[in-house]
Amino acid sequence: MSTQSNEAGMVLLEVEFTGGLELLFSNQRKHKISLPGSDEKGQPATAAFLVRYLCENLMKDTRKEMFVMDGTVRPGILVLINDADWELEGGDLYELKENDNFFFISTLHGG
Amino acid sequence: MEQDEDVDMTATSSPSLLKRNASNSSGDHDSKISAGLDQEAMEEEESNRRERAVMERIEQEASAKLDEEIRQEEKMNRKERAAREQLEQEIIEDKEGEEREQLNIEEKEMLLMDKAISVLPSLPYFHHHIISKRRRLDGGHGMVDDVPDVSLFKNTIQTLESVIERLKSDLTRMEAAHARGSAELGRWWQESKEKTRIELKEWMKLPSRKAGKAEDQDSRPSYRQSKYQKYGRQMCMPEIGFDGQIKLTKSKVLIVGLGGLGCPAAGYLARAGVGTLGLVDGDTVETSNLHRQTLYLEEDVGQSKVLTAYGRLRQMNSRIHYERYDYRLTPEKAPKLFDQYDVILDCTDRQSSRYFISDAAVVTRKPLVHASALGTMGQFMVLNNPPSLIDGNAHQGPCYRCIFPKPMRPENSRSCAEAGVLGPVVGVMGIVMAMEAIKLITQPNSTPWYMIYNAYSKEPFKMLNLNRKNQNCVACSEKCTITRELLESGSLDYDEFCGGRINYDVLEDHQRMSVRDCKRLMDSKPQEHVLVDVRDKVQFDIGHVKGSINLPISTIYQSPDAGLGALGQELDFQPTLGKNPTVHFICRYGNDSRLALRQILDSQRIREHGTLDYGRRRYLMGMDVIGGYDAWRKEIDPWLPDY
Ligand SMILES: [Zn+2]
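Protein sequences appear in the order of chains C and F. Okay, so the first sequence: first residue is 1 according to the UniProt record's numbering, each after it adds one. Okay, so the second sequence: first residue is 1 according to the UniProt record's numbering, each after it adds one.
Calculated directly from the structure, the hints in this document are not laboratory data. Note that this is a predicted model, so its numbers are computed, not measured. Ideal placement from N, C-alpha and C gives every residue a C-beta, glycine not left out. One or more of the hints may lead you astray.
Stated by the list, open to error - Chain C is nowhere near these chain F residues, computed Cβ spacing over 10 Å in every case:
#, residue
1, H178
2, E299
3, R354
4, E411
5, N412
6, L464
7, E508
Claimed, not checked - The calculated lysine-lysine pairs, modelled on DSS-like cross-linking and capped at a C-alpha distance of 30 Å, are:
#, chain 1, residue 1, chain 2, residue 2
8, F, K230, C, K97
9, C, K60, F, K469
10, C, K64, F, K525
11, C, K30, F, K227
12, C, K32, F, K252
13, C, K41, F, K462
14, F, K537, C, K64
15, F, K227, C, K64
16, F, K462, C, K32
17, F, K537, C, K97
18, C, K30, C, K64
19, C, K30, F, K537
20, C, K30, F, K406
21, C, K30, F, K462
22, F, K537, C, K32
23, F, K458, C, K64
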């Protein structure tokens, strides 16, 4: 299945950060973003592309390692795509669809 | 009793009356002999004598028979009296037994019932016998010697039949578990035993005794009655019920960590009447705990958390058993401790303990209720439910490592001390933990789930489907490498696994100074030194060193160069500063300030120019203040808020 993008070749998504990740993204939890429907190599944009895109374009903090590690989200971050565990949706390889909701949550240890 | 003795009196007096009548009739015959002596008379005499002899013999026999009857009757009465006395004795013993029962808790009942169950073969007869006796004593119809009450006996047998039917289905289930080598076997065996105990106990309940005696009983509520009163409101819930309450009474729950999660969880579980509550923590109560750790009061500061919690919980429910473990749990100790419990609650606050508690729950095959909280957010999971097995189980729940195979680095993980936490947020999570523990005990087949709570979100509770059992999990899959022996050997270093501590050692010694030295510099040459506080604005507003200015470390992280720009702009408004001031850095404890200075020294601007040139001034980068705001408060200005 190819990535569903709008006429301008862009995909409109909603991303949400919680569990402290919002601090890396201008201390704002919800973001509406628009990104290219295909990646650097012209392939349909995947979740992996989204993570790279967020890191380069939306994240102001210099500490990139707080969000990514080895080309994917760092350990301790759970990702939900439209409220479903992304592991069950193909993880990195999931192809973006218009109006998808991505939920990034950093696990907590406090008690 | 009185009436029965009256009947006995009449029975003993009647035989003597009969004897007197017999001797009178023999006197009449003697007077007839002296009236005539002829042959006929002699023959008649002879015939009469014979007749008399026969009569006498008959009378003697009748008398003997009567005597025998009297003896039999007396014997019966003695038997009756003995039986009655025995019954009275039994009643007294029953009464004493009940009083003992009131003093001792359920162990005694269990022991007695176990004894009763061990004599199962004679149970139907015993049951019938004691019920009949009791009925007869109450003036109703009961069994007379060997003549049973057939309908009562039928009822007895039917009850036993239903127990046996249930035992058969239990056996089928246990056989299946045995064939699979499942650890469920043990649990089902316990469940079956428990059901049998409850059913037999219900069945053995005796009918009420005489009205007077029943009244006596009601005026003094029994132990059982007080228990109904205590747990009635939850027992009448269909989700709990009588059986559920018995399960709770038998359950053993271990709470690891008595902080913001452990306090409310322990409180609710104690009140719900779990059998045993284990409490583990090595910490003492601190003032900064009081806003969220609900078992402690102001007067408890400095006291052991476990011992203080124990005292408070006993005031909530004194009839359950508590185990106190006044130490910090280690991976080596965890398996042996978990063995003794049915459900484990992870209420700790460090990533390393999260991992080893999960591993220990897996090797001991215990369901794990896991929660955490920070700031305005909480997370909740039920892990290892149903518990994992070495031999594999298609339906087993994920463990912590299934969901988080790799730990996150310590710099990504903040503690409550650093990030703060709201009391009700962590309280909500602790209470959800208590609820889930109750569900696990009363309805063990609940499915694993994951929930997050965001107090300030439009959708505060969010359920996530995280049922991701990792088939390659190092802890709970068939390919597992973490074993009980390994855990207990202490050779697994969980702190190292979790990345150890953050490296704050990023400066040279000459780049750091004490609070006293800093104070001296600021006082002696106020135009030449300026102090920059890198805490966030909220903390800065609570309290700060006089004259310091705020530049949150998050701003520096976002871009050290932009941060320097913001700093220059801010300092430009300081009229008292000289031409070439030196900038020093302070934070709460002297950790973040080092990282902040390192970031700034490594920024492009400082690397290229060595200084920050802004407006009319040239700023030099100075030193980090050892111990930060906290040390300043302790050594220089005790009036600063100790937040
Ligand atoms: Zn696992």
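Status of each hint after checking the structure:
no., hint, in the structure
1, H178, "holds, 34 Å"
2, E299, "holds, 24 Å"
3, R354, "violated, 6 Å"
4, E411, "violated, 7 Å"
5, N412, "violated, 6 Å"
6, L464, "violated, 6 Å"
7, E508, "holds, 23 Å"
8, F/K230 to C/K97, "violated, 56 Å"
9, C/K60 to F/K469, "violated, 35 Å"
10, C/K64 to F/K525, "violated, 40 Å"
11, C/K30 to F/K227, "violated, 51 Å"
12, C/K32 to F/K252, "violated, 49 Å"
13, C/K41 to F/K462, "violated, 36 Å"
14, F/K537 to C/K64, "holds, 23 Å"
15, F/K227 to C/K64, "violated, 59 Å"
16, F/K462 to C/K32, "holds, 20 Å"
17, F/K537 to C/K97, "violated, 39 Å"
18, C/K30 to C/K64, "holds, 19 Å"
19, C/K30 to F/K537, "holds, 22 Å"
20, C/K30 to F/K406, "holds, 27 Å"
21, C/K30 to F/K462, "holds, 15 Å"
22, F/K537 to C/K32, "holds, 27 Å"
23, F/K458 to C/K64, "holds, 29 Å"
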